[in-house]
Amino acid sequence: MAWGFSLGALLASSRELADFLAGVERRAFKHALFAVRDEALALDVVQDAMLKLAEKYSGKPAAEYPMLFQRILQNTVRDHFRRQKVRNFWSTLISSFGPAGQDQDHDPLETLEVKGSSNFGGDPAARMEQAQTLQGIEEALEGLPARQRQAFLLRYWEDLDVSEAAAAMGCSEGSVKTHCFRAVRALAVVLREKGIEL
Amino acid sequence: MNESDFAAKIVTRLNESLGQLDGPIVRRLAGARARAITLAREADRPMGWEGDVLVWGRGNRAPGVSWLLIVLALLFVLTGFFYWERIQQQRGGDFAEIDAKLLADELPIDVYLDNGFDVWLRQSSE
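Quick mapping for you: the protein sequence lines, in order, are chains A and B.
Per the numbering used here, residue 1 is the first one in the first sequence, and the count goes up by one each step.
Per the numbering used here, residue 199 is the first one in the second sequence, and the count goes up by one each step.
Treat the hints as calculated values from the structure; they're not laboratory data.
Among these hints, one or two may not hold up.
[Stated by the list, open to error] Examples of chain A residues lying across from chain B (beta carbon under 8 Å, computed): (1) D19; (2) E25; (3) R26; (4) R37; (5) M50; (6) I72; (7) L144; (8) W157; (9) V162; (10) T178; (11) F181; (12) R182.
Note that beta-carbon positions come from the ideal geometry of N, C-alpha and C, so glycine has one too.
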């Protein structure tokens, strides 16, 4: 009986976790992408965050998952930047000892990926306008200071309340409100300059 | 337009963008989710045997019966060795005490009437 109950609770808990991750994974990817600006790295960051949540906090109530996951995600992004800083330091140091001008034949255009052309159908003009608006919004978000972007995305996209956002960001509630206010003001200015009407 | 309304409009556009993620990204996210779920199930698993290994909770593993037998045998051998060492030391201590008493001429007179002691005295002086 106890085994049955335990197994049932375990399945319910993992279903809750699965539902939560399925709902949040794409937004989490975008969060990470805004921060690290590289799809592969963003995927790694989201995967690490998911695994950490599952390994350490899967036993927690499902209501706590959003705040915990966002906190883990922010920390994972921070860890990525820390590691990158150390890596850059050593690679700069090592490359300064190596022979110069090794990669002069390298053409950066060769590394550009061709985007998939799966967007057929619908009104091309409307689709183009939608894509441009979205691109403008994403660029404006990328251009925000990291803390302002985090506060904005956590408060409005993740729908966390001020206290949860503060806990996820590791700062005071007042700071979250200030960051959000500044983020909205900055986004409004940038979008107006780009001629984007929402 | 106030802060919340403006934010809501941006969020609407951002939500629209989620459906446009490339297939490989969506598949990789689904794979990461599946791995996380597997990990969570393993982490919350009740105690049980997995072959010869006792497994419980968050990936904790304990050695099985054969390992426990090996460890017990090793403990038995070590205990025997130390016990033998201790007996040897005790015997050595007894002999030293007899030697000291012999030199200080403090042995009881009965000892000299004991044939065993006489034999031991002759053997140890050879």
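| message | Hint compliance check: list the failing hint numbers for this structure, sorted ascending. | response | 1, 4, 6, 7, 9, 10, 12
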